[in-house]
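Visitor: Residue strings, one per chain:
Protein chains: 2
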Amino acid sequence: MTKILKRMKGTRNKLDDVLIIGTVALDTIETPFGKVDKALGGSATYASFAASFFSKPALISVIGRDFPKAYLGLLQKRGINLKGLEMDDKTFHWEGFYEYDMNEAKTRKTELNSLERFKVDVPESHKGIKYVFLANIDPEQQLETLRQVNKPELVVIDTMNFWINNKKKPLMEAIKKADVLLLNDGEARQLFSTANLASAANSALNLGPKAVIIKKGEHGALLFTKNKHFNAPGYPLENIKDPTGCGDSFGGAFIGYLAKTKDLSERNFRKAVVYGSVVASHNAEDFGLNRLKRITIRDIEQRYSEFHDMREF
Amino acid sequence: MTKILKRMKGTRNKLDDVLIIGTVALDTIETPFGKVDKALGGSATYASFAASFFSKPALISVIGRDFPKAYLGLLQKRGINLKGLEMDDKTFHWEGFYEYDMNEAKTRKTELNSLERFKVDVPESHKGIKYVFLANIDPEQQLETLRQVNKPELVVIDTMNFWINNKKKPLMEAIKKADVLLLNDGEARQLFSTANLASAANSALNLGPKAVIIKKGEHGALLFTKNKHFNAPGYPLENIKDPTGCGDSFGGAFIGYLAKTKDLSERNFRKAVVYGSVVASHNAEDFGLNRLKRITIRDIEQRYSEFHDMREF
Numbered sequence: 006m007t008k009i010l011k012r013m014k015g016t017r018n019k020l021d022d023v024l025i026i027g028t029v030a031l032d033t034i035e036t037p038f039g040k041v042d043k044a045l046g047g048s049a050t051y052a053s054f055a056a057s058f059f060s061k062p063a064l065i066s067v068i069g070r071d072f073p074k075a076y077l078g079l080l081q082k083r084g085i086n087l088k089g090l091e092m093d094d095k096t097f098h099w100e101g102f103y104e105y106d107m108n109e110a111k112t113r114k115t116e117l118n119s120l121e122r123f124k125v126d127v128p129e130s131h132k133g134i135k136y137v138f139l140a141n142i143d144p145e146q147q148l149e150t151l152r153q154v155n156k157p158e159l160v161v162i163d164t165m166n167f168w169i170n171n172k173k174k175p176l177m178e179a180i181k182k183a184d185v186l187l188l189n190d191g192e193a194r195q196l197f198s199t200a201n202l203a204s205a206a207n208s209a210l211n212l213g214p215k216a217v218i219i220k221k222g223e224h225g226a227l228l229f230t231k232n233k234h235f236n237a238p239g240y241p242l243e244n245i246k247d248p249t250g251c252g253d254s255f256g257g258a259f260i261g262y263l264a265k266t267k268d269l270s271e272r273n274f275r276k277a278v279v280y281g282s283v284v285a286s287h288n289a290e291d292f293g294l295n296r297l298k299r300i301t302i303r304d305i306e307q308r309y310s311e312f313h314d315m316r317e318f
Numbered sequence: 006m007t008k009i010l011k012r013m014k015g016t017r018n019k020l021d022d023v024l025i026i027g028t029v030a031l032d033t034i035e036t037p038f039g040k041v042d043k044a045l046g047g048s049a050t051y052a053s054f055a056a057s058f059f060s061k062p063a064l065i066s067v068i069g070r071d072f073p074k075a076y077l078g079l080l081q082k083r084g085i086n087l088k089g090l091e092m093d094d095k096t097f098h099w100e101g102f103y104e105y106d107m108n109e110a111k112t113r114k115t116e117l118n119s120l121e122r123f124k125v126d127v128p129e130s131h132k133g134i135k136y137v138f139l140a141n142i143d144p145e146q147q148l149e150t151l152r153q154v155n156k157p158e159l160v161v162i163d164t165m166n167f168w169i170n171n172k173k174k175p176l177m178e179a180i181k182k183a184d185v186l187l188l189n190d191g192e193a194r195q196l197f198s199t200a201n202l203a204s205a206a207n208s209a210l211n212l213g214p215k216a217v218i219i220k221k222g223e224h225g226a227l228l229f230t231k232n233k234h235f236n237a238p239g240y241p242l243e244n245i246k247d248p249t250g251c252g253d254s255f256g257g258a259f260i261g262y263l264a265k266t267k268d269l270s271e272r273n274f275r276k277a278v279v280y281g282s283v284v285a286s287h288n289a290e291d292f293g294l295n296r297l298k299r300i301t302i303r304d305i306e307q308r309y310s311e312f313h314d315m316r317e318f
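Chains L and S supply the protein sequences, listed in that same order. First residue of the first sequence: 6, per the numbering used here; consecutive thereafter. First residue of the second sequence: 6, per the numbering used here; consecutive thereafter.
Chain L on its own, in the form it takes in the complex:
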């Protein structure tokens, strides 16, 4: 733990870069524990925030002219490279709520706005970035990103049920080009038409990715590779306030940790999955980015070691 802290301090200027494409949104969220209006959100936002604990993320996305200056400041303060963040029209807006069981977001309103005509344009300076996270966004934009980057060492892709329903063909194409596929359990079952997660994971591995991670919310996460299976626990949170962005935070922390350690072994993937779970579990403890704004790498390392303790037998 201390080692990681020292390395981070000592090499602040040489931190590895992660390219993250996804959405930046203004979210209106209601849960049984409260409500926020036009909070900073979006898959690329959560992912970049989470990755920034380990690496230096460069964000590719679009916002509107209504985007609050304070939010831009927040992203900059996190050391997120905003050169690839464009501005056009109005910011993507999502409005949703969670009922008592908190496992599934229900959408009230989706206004794509500037996202609708967003054309991916990766800045020259970003094209050589070795770690690429295709966070949840239109799969055609994910594919376009892959066309523009040079030769990434690791491509991680995430998606959601909306794209499985509406853009399955480009989505499958993008998955074939990725090294790691992230899905939640419902999406895995839907995409591969099976109730069985082990079967779904095998189908996914047959498409091309070397690893498939199935996120199961409070039940933890599964990592499937060719011959190995890893089962990461969920953290027994007593206070879940808002699960929005947990999947994106998971992905951001996962790739951020890999970019930092530059070790793509199955063993290190396991650690990255646990870091993903740790950051996601923190994220659920408050609305929007409120929790990730406050925690430090020390909080992350402490919970990481709790994850160790709760699975020893």
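Where hints are given, some of them may not hold.
Restricting the straight-line Cα-Cα distance to at most 30 Å, the calculated cross-link-like pairs of lysine-lysine (DSS-like) are [claimed, not checked]:
| no. | chain 1 | residue 1 | chain 2 | residue 2 |
| --- | --- | --- | --- | --- |
| 1 | L | 298 | S | 233 |
| 2 | S | 276 | L | 276 |
| 3 | L | 276 | L | 156 |
| 4 | L | 267 | L | 233 |
| 5 | L | 43 | L | 156 |
| 6 | L | 231 | L | 215 |
| 7 | S | 135 | S | 182 |
| 8 | L | 132 | L | 215 |
| 9 | L | 233 | S | 233 |
| 10 | S | 231 | L | 276 |
| 11 | L | 114 | L | 124 |
| 12 | S | 276 | L | 231 |
| 13 | S | 231 | S | 156 |
| 14 | S | 276 | L | 233 |
| 15 | S | 114 | S | 174 |
| 16 | S | 111 | S | 132 |
| 17 | L | 233 | S | 298 |
| 18 | S | 233 | L | 276 |
| 19 | S | 233 | S | 95 |
| 20 | L | 111 | S | 111 |
| 21 | L | 124 | L | 88 |
| 22 | L | 95 | L | 114 |
| 23 | S | 172 | S | 215 |
| 24 | L | 174 | L | 156 |
| 25 | S | 111 | S | 156 |
| 26 | L | 174 | L | 114 |
| 27 | L | 174 | L | 132 |
Honestly, the hints are just simulated from the structure, not real lab data.
Based on these hints, arrange chain S on the given structure of chain L.
Guide: Below, chain S alone, put in the same frame as chain L:
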């Protein structure tokens, strides 16, 4: 592992006893993968079978005059003590089916038959048994069992939604007298009126039990004690044929292992939870008791070590 095998061989006559009260049933089950008619089932049957890999179970239950002789032979061959098995009227019959997701049994028919007027009568020779499993049955019969036994060292209690709905008062009384409470996740949420499993577990611990185990099917199991939390993974089964009896098998293996090792530390509870998960995962791979009939302690030990591997990080 070898040690356990040797110990079992060397002490076959001195195996510890576990008293198991619950149902013995004739089950008619349909899943997307097949159907069985009047198969041997019931909570005490699965639990005794599972416990018999580790200890010598003594069963308390009732069957009817229609109960097939072959099934009696099967129970005897497993070394299950049937002195406390009474015969009256017709055998309890359950008919149910599972849909594609296999997580929840849907009941078509329940005929209590002999179970309805069953009066618990623990044989004198059984009253001193130190490990008592109150498997799923009417909580009044669970309480009556506790009244009749002397001074057990460990009482484990299981239940189901039916009793939570219809006999909550005696159920709560029985839980207060137990050392370990087993519940599945849905029951835990229902019994303690919370969506949050960590909160439910804390409420349960406040009632009296020293440990609460929440079974989550394919998602594994959680063990909560006063200050510790243990998270056992689910086994990534590709072929789930019939989940009937998985919870009962879990409980039987759990207490069977504890009775064998006579170690009630939190650390040994963790191992017992993993043995419970291992036996339950085997049980789901075939209909009724077909799988548990075929496997040996070697199969159990092998999967136990796989559980180890899939959680290292």
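Visitor: Each hint needs a verdict: does it hold in this structure or not?
Guide: Hints versus structure:
1. L:298 x S:233: Status holds; Cα separation ~28 Å.
2. S:276 x L:276: Holds: residue 276 of chain S and residue 276 of chain L sit about 23 Å apart, inside 30 Å.
3. L:276 x L:156: Within the cut-off at roughly 25 Å; holds.
4. L:267 x L:233: holds (20 Å)
5. L:43 x L:156: Roughly 37 Å between the alpha carbons, so the hint for residue 43 of chain L and residue 156 of chain L is violated.
6. L:231 x L:215: holds (7 Å)
7. S:135 x S:182: holds (15 Å)
8. L:132 x L:215: The given pair, whose Cα atoms are some 23 Å apart, holds under the 30 Å limit.
9. L:233 x S:233: At roughly 28 Å apart (the allowed maximum being 30 Å), residue 233 of chain S and residue 233 of chain L satisfy the hint.
10. S:231 x L:276: holds (28 Å)
11. L:114 x L:124: holds (23 Å)
12. S:276 x L:231: The hint holds at about 28 Å.
13. S:231 x S:156: Measuring from Cα to Cα gives roughly 23 Å; hence the hint holds.
14. S:276 x L:233: Judged against 30 Å, a Cα distance of about 22 Å means the pair holds.
15. S:114 x S:174: holds (25 Å)
16. S:111 x S:132: violated (36 Å)
17. L:233 x S:298: Given pair residue 233 of chain L, residue 298 of chain S holds - Cα atoms ~28 Å apart, limit 30 Å.
18. S:233 x L:276: Satisfied, since the Cα-Cα distance of roughly 22 Å is no more than 30 Å.
19. S:233 x S:95: Cα-Cα ~45 Å, so violated.
20. L:111 x S:111: holds (27 Å)
21. L:124 x L:88: Holds - the C-alpha atoms of residue 88 of chain L and residue 124 of chain L are around 15 Å apart, at most 30 Å.
22. L:95 x L:114: holds (15 Å)
23. S:172 x S:215: holds (23 Å)
24. L:174 x L:156: With a Cα-Cα distance of about 23 Å, the restraint between residue 174 of chain L and residue 156 of chain L holds, given a limit of 30 Å.
25. S:111 x S:156: violated (38 Å)
26. L:174 x L:114: Given pair residue 174 of chain L, residue 114 of chain L holds - Cα atoms ~25 Å apart, limit 30 Å.
27. L:174 x L:132: Given that 30 Å is the threshold and the Cα spacing comes to 25 Å, the pair holds.
When held up to the earlier numbered hints, the structure conflicts with 5, 16, 19, 25 and fits the remainder.
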